[in-house]
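Residue numbers (full-length UniProt numbering), protein chains in the order written: chain A, 1 to 408; chain B, 1 to 408; chain C, 1 to 408; chain D, 1 to 408.
No lab work stands behind these hints: they were computed from the structure.
There could be a bad hint or two in this list.
In this list, chains with the same sequence are indistinguishable; a pair is considered to hold if it fits within one copy or across any two.
[As the list claims (entries may be wrong)] Lysine to aspartate or glutamate pairs mimicking EDC-like chemistry, simulated, CA-CA at most 16 Å apart:
#1 Lys208 x Asp194
#2 Lys310 x Glu356
#3 Lys314 x Glu357
#4 Lys407 x Glu70
#5 Lys60 x Glu171
#6 Lys143 x Glu171
#7 Lys60 x Asp37
#8 Lys314 x Asp99
#9 Lys310 x Asp353
#10 Lys314 x Glu356
#11 Lys62 x Asp353
#12 Lys60 x Asp222
#13 Lys310 x Glu357
#14 Lys310 x Asp355
#15 Lys62 x Glu356
Number of protein chains: 4
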Amino acid sequence: MSTFGNFFRVTTYGESHCRSVGCIVDGCPPGMELTEDDIQPQMTRRRPGQSSITTPRDEKDKVLIQSGTEFGITLGTPIGMMVLNQDQRPKDYGNATMDKFPRPSHADWTYLEKYGVKASSGGGRSSARETIGRVAAGAIAEKYLRLAYGVEIVAFTTSVGSQHLFPPTPEHPSPSTNPAFLTLLQSIDRPTVDSHLPVRCPDAAAAKAMVDYISDFRDRNDSIGGTVTCVIRNVPTGLGEPCFDKLEASLAHAMMSIPATKAFEIGSGFGGCEVPGSTHNDPFVSAADVVVPSGVAESGAARTNTPRPKLTTKSNFSGGIQGGISNGAPIYFRVGFKPAATIGQEQTTATYDGDEEGILAAKGRHDPCVVPRAVPIVEAMAALVIMDAVLAQQSRERARSLLPPLKR
Amino acid sequence: MSTFGNFFRVTTYGESHCRSVGCIVDGCPPGMELTEDDIQPQMTRRRPGQSSITTPRDEKDKVLIQSGTEFGITLGTPIGMMVLNQDQRPKDYGNATMDKFPRPSHADWTYLEKYGVKASSGGGRSSARETIGRVAAGAIAEKYLRLAYGVEIVAFTTSVGSQHLFPPTPEHPSPSTNPAFLTLLQSIDRPTVDSHLPVRCPDAAAAKAMVDYISDFRDRNDSIGGTVTCVIRNVPTGLGEPCFDKLEASLAHAMMSIPATKAFEIGSGFGGCEVPGSTHNDPFVSAADVVVPSGVAESGAARTNTPRPKLTTKSNFSGGIQGGISNGAPIYFRVGFKPAATIGQEQTTATYDGDEEGILAAKGRHDPCVVPRAVPIVEAMAALVIMDAVLAQQSRERARSLLPPLKR
Amino acid sequence: MSTFGNFFRVTTYGESHCRSVGCIVDGCPPGMELTEDDIQPQMTRRRPGQSSITTPRDEKDKVLIQSGTEFGITLGTPIGMMVLNQDQRPKDYGNATMDKFPRPSHADWTYLEKYGVKASSGGGRSSARETIGRVAAGAIAEKYLRLAYGVEIVAFTTSVGSQHLFPPTPEHPSPSTNPAFLTLLQSIDRPTVDSHLPVRCPDAAAAKAMVDYISDFRDRNDSIGGTVTCVIRNVPTGLGEPCFDKLEASLAHAMMSIPATKAFEIGSGFGGCEVPGSTHNDPFVSAADVVVPSGVAESGAARTNTPRPKLTTKSNFSGGIQGGISNGAPIYFRVGFKPAATIGQEQTTATYDGDEEGILAAKGRHDPCVVPRAVPIVEAMAALVIMDAVLAQQSRERARSLLPPLKR
Amino acid sequence: MSTFGNFFRVTTYGESHCRSVGCIVDGCPPGMELTEDDIQPQMTRRRPGQSSITTPRDEKDKVLIQSGTEFGITLGTPIGMMVLNQDQRPKDYGNATMDKFPRPSHADWTYLEKYGVKASSGGGRSSARETIGRVAAGAIAEKYLRLAYGVEIVAFTTSVGSQHLFPPTPEHPSPSTNPAFLTLLQSIDRPTVDSHLPVRCPDAAAAKAMVDYISDFRDRNDSIGGTVTCVIRNVPTGLGEPCFDKLEASLAHAMMSIPATKAFEIGSGFGGCEVPGSTHNDPFVSAADVVVPSGVAESGAARTNTPRPKLTTKSNFSGGIQGGISNGAPIYFRVGFKPAATIGQEQTTATYDGDEEGILAAKGRHDPCVVPRAVPIVEAMAALVIMDAVLAQQSRERARSLLPPLKR
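Given these sequences and hints, build the entire structure.
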């Protein structure tokens with residue numbers, strides 16, 4: 001379905017070549033300052049055409065709020081948002097071979113099998129333009145989370161093909177034990193990430209290697225995948241709705257709904273499956289000595305006198321989630337993106353009716369690596385998950401607070 | 001929340017030491033033969049106490065259908081199911097240290113942070129007993145899928161700690177390119193899996209190595225994680241509800257809601273992120289020559305004259321899902337389980353109030369490796385996801401079939 | 001579907017002759033004292049067999065909490081509840097004519113049309129036993145609302161056939177203008193209602209007339225319908241989720257889901273459609289002078305320092321809801337129940353296959369008027385609606401409270 | 001919430017003075033011809049300004065499809081629709097008294113209590129403009145239902161104030177027993193209804209009386225309510241999802257979510273509560289002799305060979321729904337609308353802060369009776385309910401059809 005979330009409900013619409021794409025955000029807290037200026041930056045970060053290694057198509061992607069705010073303040077009513085499709089009719093795509101052959105590893109054929117009809121060109125609903133509504137909605141969620149709790153969400157590229165920011169080593173098979181990785185999680189911010197455009201890998205040497213690596217794929221008209229790691233800091237404890245909507249389950253759902261994703265891991269991930277329990281268990285320690293980040297004091301948590309939790313964990317194999325519930329430690333996860341299916345090479349495939357095999361010619365120019373552009377989409381979906389969990393837990397906490405104290 | 005699914009809705013209840021655990025299944029198709037005999041086998045496979053390397057507690061786990069069937073036929077009304085908790089009061093667990101110290105990497109502390117109260121002993125709702133309702137519901141879904149489409153769902157252990165059934169090699173960094181792996185996916189069945197108890201790894205040598213490996217952890221009062229791979233065969237095309245409920249997103253959600261999971265990958269997974277697009281793209285080929293498995297002819301798809309899709313893919317990096325929609329090829333995915341948090345060792349931790357650090361003594365005997373027991377739970381959750389997607393798609397197909405034909 | 005509510009989610013199961021009936025309540029606030037003693041009273045009020053004018057079948061209906069509490073405190077986890085069906089196999093019902101003929105105005109035929117199968121006897125899922133789960137869940141909701149806000153929910157019989165407690169008069173075509181009615185809404189409580197058993201009409205003369213009236217129908221083996229009016233006092237302002245889940249829409253949904261209901265009106269209802277706007281508009285007045293009921297001071301609202309709203313309305317044509325949102329005034333509504341379809345007379349009908357018309361013989365003894373027994377069911381459904389709306393609004397209020405103050 | 005439906009999901013957005021109002025329809029069957037021409041007629045019928053007794057404001061209300069169709073065919077993806085607000089800034093409304101005083105029986109005060117902020121002028125989200133999205137979505141649902149099943153939905157005004165089309169008589173206390181009423185239900189169509197503009201009461205004499213009656217209220221700067229009756233013909237059997245989503249419960253929910261509604265009754269309604277069961281029960285008769293309406297043969301049901309049910313009922317007190325499930329007979333229900341709260345008279349009220357009582361001056365010109373304009377809104381909501389129920393039942397029927405036949 002095209003709705004995500006139970007409390008902060010985002011419904012998106014739009015295909016690659018229709019009039020507009022957009023979304024309705026239902027359930028946004030009222031009384032929050034909000035204008036397009038809060039939303040456009042992430043829209044722009046998502047936009048293609050930012051460098052020679054990303055697609056040169058220039059989509060303006062100017063978001064327009066339709067409803068739900070007045071004088072720059074949210075009313076608590078549904079927020080409609082739209083972005084006009086500048087290119088509302090197929091040009092570069094539609095051609096005889098594409099009408100005849102489903103493109104390998106695209107959604108052409110499965111959409112036809114599912115719906116019996118399909119958009120005539122481009123990806124239709126499976127196009128990356130579908131993610132515009134997600135990013136717009138995510139920017140609203142993120143603003144609330146920052147104001148109310150000082151939540152910080154930062155994603156960055158951790159690998160492109162075989163080029164890893166933290167390649168596994170005998171000492172650190174998983175980065176969860178690597179102090180450099182854990183330090184980065186504490187400090188990384190978006191300006192730093194974007195200072196390493198076009199790959200958004202926050203390390204000069206690794207970023208340089210990735211650019212060269214991607215360029216090589218571009219030159220060979222090929223594509224390559226990679227991974228994005230995301231950290232969420234200052235998350236209140238208690239988020240996540242077991243047993244089915246554990247916080248990591250909602251994050252996995254959100255991430256695996258992003259086009260081209262193949263894998264998800266929370267905290268120690270697959271690597272953690274190889275670590276003995278005696279090491280993997282995160283000992284509790286008093287949180288009293290944990291330094292509150294300076295930014296937080298000025299924004300949400302401190303201002304609103306939200307009490308800090310009393311405990312934290314010494315290590316963080318759990319990735320900030322235990323029993324499906326946030327424990328206040330940084331949440332971090334990694335998402336794997338496959339190589340883009342669109343490549344500038346001829347490919348063998350079969351006709352839609354299966355009667356004939358043939359050659360699908362390549363046309364147009366495309367991203368050799370979509371991973372850097374996925375960074376704001378990962379952040380947006382993370383924001384939607386946390387926001388939804390926050391509203392669920394706020395209801396519970398408020399409900400409980402009105403009950404008479406227990407007699408014990 | 002404790003409800004999973006939109007069309008085939010499963011709501012579970014129960015903690016480790018309450019009167020009973022169980023579930024309500026709402027939306028089961030009417031007119032299907034169903035008795036406890038259809039459900040009990042998977043309940044029994046889930047049950048602990050099946051070998052020396054699993055926990056010796058003997059839980060009977062006899063399922064009782066409360067409603068929704070008459071004379072062994074489903075009525076289409078909610079199916080209530082329950083399993084009595086034989087051990088309804090804490091014995092081995094409750095003790096002074098546990099009241100004072102949250103167990104590392106258990107849900108003790110996060111449940112308290114979330115709810116303000118928590119079950120006094122064992123895991124409460126975070127206990128593995130919560131999965132009983134899932135397995136019972138999954139058995140119903142699975143029966144329908146088998147009868148209607150010949151769907152087969154088989155999970156098995158693919159690694160325990162560093163012991164892998166298909167260890168990465170230079171030639172096959174991901175098993176998706178390994179013919180032995182792909183052949184196994186086509187043929188593996190549950191009797192074969194269970195012939196390799198207690199580890200459920202369908203290879204004698206690998207299973208032997210895993211048993212030894214786990215025994216070593218047991219002897220050291222430690223625990224170890226591992227991975228379960230699951231294949232779903234004979235899935236109809238067209239399943240999955242983009243953009244947010246892509247089939248892999250729902251599978252990821254389902255799997256990451258199982259206790260102790262840390263990672264999920266579909267098809268080529270993280271490994272696929274390192275493969276060039278020109279290799280990773282799955283070329284379409286005519287499905288005409290694909291041999292229909294013999295079992296299917298006797299059951300659903302053939303009997304119901306469901307037309308076979310005209311295309312399939314030569315390779316299967318996609319894992320049977322493209323654009324979030326099943327393409328008819330086998331769906332396969334891998335789930336990572338962390339080492340069990342309960343270990344027979346003393347652990348340092350802090351008191352609930354954070355005032356004091358201390359030592360949590362170990363008590364009881366526990367699974368050194370929960371992975372083999374997770375096999376039927378993975379199968380159950382897979383069945384719930386596919387069943388829900390099937391009902392959604394059946395509605396769409398039926399709705400479309402009543403429209404006048406398009407004029408083109 | 002068999003789930004009601006989005007935040008306080010109740011899922012019920014059970015037919016007339018299966019093992020048990022019951023429900024799962026998901027989303028109950030944690031930390032509330034709760035035992036079967038809180039639930040049983042309403043179960044008992046719902047129970048048939050309370051007088052000579054209700055059905056003499058004796059169903060014990062003893063509720064058993066399965067999960068979700070420990071030591072009499074809610075854990076915040078799903079609360080499973082069940083009531084055993086003492087009569088698990090058809091006796092008085094099943095017979096040759098019933099297998100052949102669908103009973104007029106029962107659900108026999110429509111269930112068969114919908115599901116293709118149906119329970120062989122009694123009403124199956126359409127039986128009034130289905131309401132047991134509702135009443136059990138409603139008792140929990142009600143307890144919370146009473147503790148947290150001092151909410152009082154009282155329903156009573158306002159008409160049986162043509163016998164009305166407040167018959168329309170030229171002066172008061174709708175009771176909304178009748179001071180006697182408005183005074184009753186302020187003061188009526190359940191003990192008073194039950195002091196007028198068996199009809200639960202809180203006026204000695206009217207109750208006497210109703211008993212005689214019903215007895216007459218009983219003697220003629222006929223049945224008669226009636227109306228139940230329900231008042232909800234001390235409702236916090238701000239409840240209801242426009243635009244689709246306005247509070248009256250949710251109440252209407254809830255009430256019209258009770259078996260045998262035919263009509264619903266909020267506040268002035270159909271009568272209000274005939275009143276000029278200049279009269280029907282409820283002028284706002286300061287709430288400062290409104291006397292706080294004594295009971296409230298001891299319980300929720302006062303204790304929790306919930307601020308009283310500043311305004312109230314002089315008249316209450318609105319029935320406590322404006323724009324779909326509660327305004328703090330008493331909410332009142334009326335529900336119409338048709339005459340019970342089961343009557344002790346022969347009836348002409350047709351066979352299931354439509355080939356033959358025939359006579360359906362009457363068997364068993366049944367309620368000539370189900371209206372009095374519906375009273376606790378109406379209360380339960382009202383509690384579920386208010387509870388769900390409370391949790392939604394608590395989330396919003398808490399979310400807003402964490403935002404920085406607006407600059408104006 | 002602003003989403004209606006589980007299978008055919010409509011999410012609306014928009015206030016009275018924002019950029020646009022509209023909706024997203026998710027779950028529309030693919031492969032249906034659909035352009036704005038299918039939607040605009042109902043939009044236009046909903047539009048104000050159609051006569052001297054309705055408001056003279058001229059809103060153009062031109063609907064624009066944003067997504068979800070290509071070349072006039074639905075893709076099965078979300079259909080975004082929007083209508084620009086021509087009047088995007090307050091003019092006639094905003095004034096000093098309205099900032100100070102909440103208007104009696106408007107949503108001004110309750111919105112402020114709920115959200116803490118409110119739109120500065122007009123009704124904001126509580127404005128009747130919110131219904132634009134409903135009508136647009138309803139037109140799509142209706143088209144499908146007509147094509148697939150020949151469903152016909154027609155609403156009309158049955159009373160304005162005390163002027164009734166079928167005033168209660170001693171012989172026919174409820175119109176359910178009145179042959180003239182039942183005949184009208186069989187034959188009424190929209191052209192006939194609209195031939196009696198402006199009141200949309202399909203009887204020349206009654207319409208004339210209503211026009212005069214309303215004019216009188218207009219001249220006195222007052223308002224008056226009324227009732228709309230709606231019939232749905234050619235509904236397939238088996239629609240409705242007990243126990244909570246009985247078809248009449250969903251209809252009640254839908255209707256009571258329309259602004260200004262106060263009452264709902266299905267079939268015999270409140271009147272039926274006074275009829276003995278022996279009369280009220282609808283005897284089954286063979287449907288073989290029921291004449292299939294001519295229009296149906298050309299469209300859905302006949303074309304698609306949907307088998308006609310074997311039974312129907314001789315009388316129709318049930319209103320086409322038994323046990324919460326459609327029985328194939330015409331569904332009819334009545335909705336009560338209160339007098340519009342906006343009147344051209346001074347009204348006493350209190351200030352928002354409750355400190356002061358005062359006089360709210362009247363401004364602008366408004367509908368003395370909104371009932372005729374509600375007709376297409378009632379039809380739209382009816383279409384949404386039936387469509388959602390159809391998709392649910394189609395899933396069930398298709399699921400069942402794939403099961404092996406039962407052995408009996």
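Going back to the hint list, which numbers does this structure go against? 5, 6, 8, 11, 12 and 15
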